[in-house]
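Chains E and Y are the protein sequences, given in the same order. Reading the first sequence from the start, the letters are residues 1 to 383 in this note's numbering. Reading the second sequence from the start, the letters are residues 1 to 75 in this note's numbering.
These are calculated hints, taken from the structure and not from any lab test. Some hints could be false.
[Claimed, not checked] With beta-carbon atoms standing in for the labels, derived distance ranges:
| id | chain 1 | residue 1 | chain 2 | residue 2 | range |
| --- | --- | --- | --- | --- | --- |
| 1 | Y | E4 | E | R215 | 29 to 37 angstroms |
| 2 | E | A167 | Y | H75 | 31 to 39 angstroms |
| 3 | Y | P28 | E | D131 | 55 to 63 angstroms |
| 4 | E | P5 | Y | D38 | 36 to 44 angstroms |
| 5 | Y | E4 | E | G116 | 43 to 51 angstroms |
| 6 | E | A42 | Y | D38 | 56 to 64 angstroms |
| 7 | E | A191 | Y | T31 | 52 to 60 angstroms |
| 8 | Y | H75 | E | E278 | 38 to 46 angstroms |
| 9 | E | A376 | Y | T74 | 38 to 46 angstroms |
| 10 | Y | D38 | E | D131 | 47 to 55 angstroms |
| 11 | Y | P25 | E | P188 | 23 to 31 angstroms |
| 12 | E | A376 | Y | P64 | 36 to 44 angstroms |
| 13 | E | V237 | Y | D7 | 32 to 40 angstroms |
[Claimed, not checked] Partial chain E-side listing against chain Y, Cβ under 8 angstroms, derived:
| id | residue |
| --- | --- |
| 14 | Q22 |
| 15 | L25 |
| 16 | L28 |
| 17 | W32 |
| 18 | V187 |
| 19 | D304 |
| 20 | S328 |
| 21 | P332 |
Using N, Cα and C, we set each Cβ at its ideal position, and we do this for glycine too.
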Amino acid sequence: MSASPVYLDAATAAPTHPVARQALLAALDDGWADPGKLYTQARRARQLLDAAREATALTLGVRADEVSFTPSGTTAAHGAVLGGLAGRRRVGSTLVHSAIEHSAVLHAAERHVGAGGTATEVPVDRLGRLDLTAWSTAVRAPGVALAALITASHEVGTVQPVAEAAAACADAGVPLYVDAAQSVGRVPLPAGWSVLTASAHKWGGPPGVGVLAVRKGTRWESPWPADERESGRTPGVVNLPAVVAAAASLRAAAADAAAEATRLAALVDRVRERVAAEVPDVEVVGDPVLRLPHLVTFSCLYVDGEALLHALDRRGFAVSSGSSCTSSTLRPSHVLEAMGVLSHGNVRVSLHRETTEADVERFLTELPGIVAGLRAEAGVVGL
Amino acid sequence: MPDEVIDCRGQRCPLPVIAAARRMPEVPVGTVVRVLADDPAAAVDIPAWCRMRGQEFLGSVDGPDGPAYDVRRTH
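Just chain E, same shape as in the assembly:
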């Protein structure tokens, strides 16, 4: 008997919001033309793009001309880092970033270092929270062009002290880039940033739409070959139907965000308590209070992470893992490593608008037996 599927990996991609589906279908009929041209069909496409930009800007609390749509969240993050560094190259060539940034940010940092720049990594504590003293020292150093901080950890959910980090940046005259992929459409955004990125499939929009917001007055310079579209911030024609769907679903997600955050945070509390109580030798990681409402991560001692994902999948549960055996590089998650917490047997559960209490209950009922079965197979019971 196969179990009914329970999708618990919204932090990777949330199921498509029904509003996104409707908007996508409508825009496929209405928004196929190049919005940059001067004929009727193009004007209609331009209206759709303008409306999508205005709606997105309203949700983010910025001006419409500060928002550009990119081909993915990753492209947005690459552009944010490399463009922020390019715009301030006369000031210096140092990027300051936390140790728990998304790999897209870290890969952009590697590119920068490979081209002769420098990067300063700021540590986090055991709960995955930024070391503000080290951050303040790092951004005050001479030659810092840009600082990058994720709003909340995509792997463990710990919310970062962005307001305090932004104040330290402001004192030092350094622009702050925030990767808000897990926050946009779910929780209120922090203040004080100069550049922000997000990714539509995290809030129920279609895959393949990123958002790059650059506040007025920020010295940001496109790192890509010249292109006049999207205020010159990202080259190529946008996937307009997907952009329209992304904007419509963002508005819908933001409208429900407060109620959903309350509902999901209670379910995450239940996961945190029950997993700690009912699965022996488990470490539930991340800040228990200052955290995202929809995401929880834990590690099961002596359990192989890949075996655990497969066992959960066989029971119909889709989750993610930061264990090394589940990554293509066979390295443990840099986030778990930076926190100094157990990396094997790791599971990230992330909830979304379709997650029910019954889904979470079934997961919690089945998990202890699945973990016990794997430990028995491996002969590690009682260690």
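Take the given structure of chain E and dock chain Y to it, following the hints.
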């Protein structure tokens, strides 16, 4: 210097941690066990295991045999 060495080279996590956990009750309290492990996850997981089990993590060394982790049995 360690009192004994467990060679877990070539093993993927959690196997090096399991090997250390199996050996620890068999050695006298105070014994320093060195775990040789080239899986990068061991650098995170051996100290984390010591914290969870109340054993003492003495540190890591990178010697001719590759990365090694020293653990003292405290109880």
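Status of the hints after comparison with the structure:
no.: 1; hint: E4/Y with R215/E: 29 to 37 angstroms; verdict: 60 angstroms, violated
no.: 2; hint: A167/E with H75/Y: 31 to 39 angstroms; verdict: 45 angstroms, violated
no.: 3; hint: P28/Y with D131/E: 55 to 63 angstroms; verdict: 39 angstroms, violated
no.: 4; hint: P5/E with D38/Y: 36 to 44 angstroms; verdict: 38 angstroms, holds
no.: 5; hint: E4/Y with G116/E: 43 to 51 angstroms; verdict: 47 angstroms, holds
no.: 6; hint: A42/E with D38/Y: 56 to 64 angstroms; verdict: 59 angstroms, holds
no.: 7; hint: A191/E with T31/Y: 52 to 60 angstroms; verdict: 54 angstroms, holds
no.: 8; hint: H75/Y with E278/E: 38 to 46 angstroms; verdict: 26 angstroms, violated
no.: 9; hint: A376/E with T74/Y: 38 to 46 angstroms; verdict: 28 angstroms, violated
no.: 10; hint: D38/Y with D131/E: 47 to 55 angstroms; verdict: 30 angstroms, violated
no.: 11; hint: P25/Y with P188/E: 23 to 31 angstroms; verdict: 51 angstroms, violated
no.: 12; hint: A376/E with P64/Y: 36 to 44 angstroms; verdict: 38 angstroms, holds
no.: 13; hint: V237/E with D7/Y: 32 to 40 angstroms; verdict: 58 angstroms, violated
no.: 14; hint: Q22; verdict: 45 angstroms, violated
no.: 15; hint: L25; verdict: 45 angstroms, violated
no.: 16; hint: L28; verdict: 45 angstroms, violated
no.: 17; hint: W32; verdict: 48 angstroms, violated
no.: 18; hint: V187; verdict: 29 angstroms, violated
no.: 19; hint: D304; verdict: 6 angstroms, holds
no.: 20; hint: S328; verdict: 14 angstroms, violated
no.: 21; hint: P332; verdict: 4 angstroms, holds
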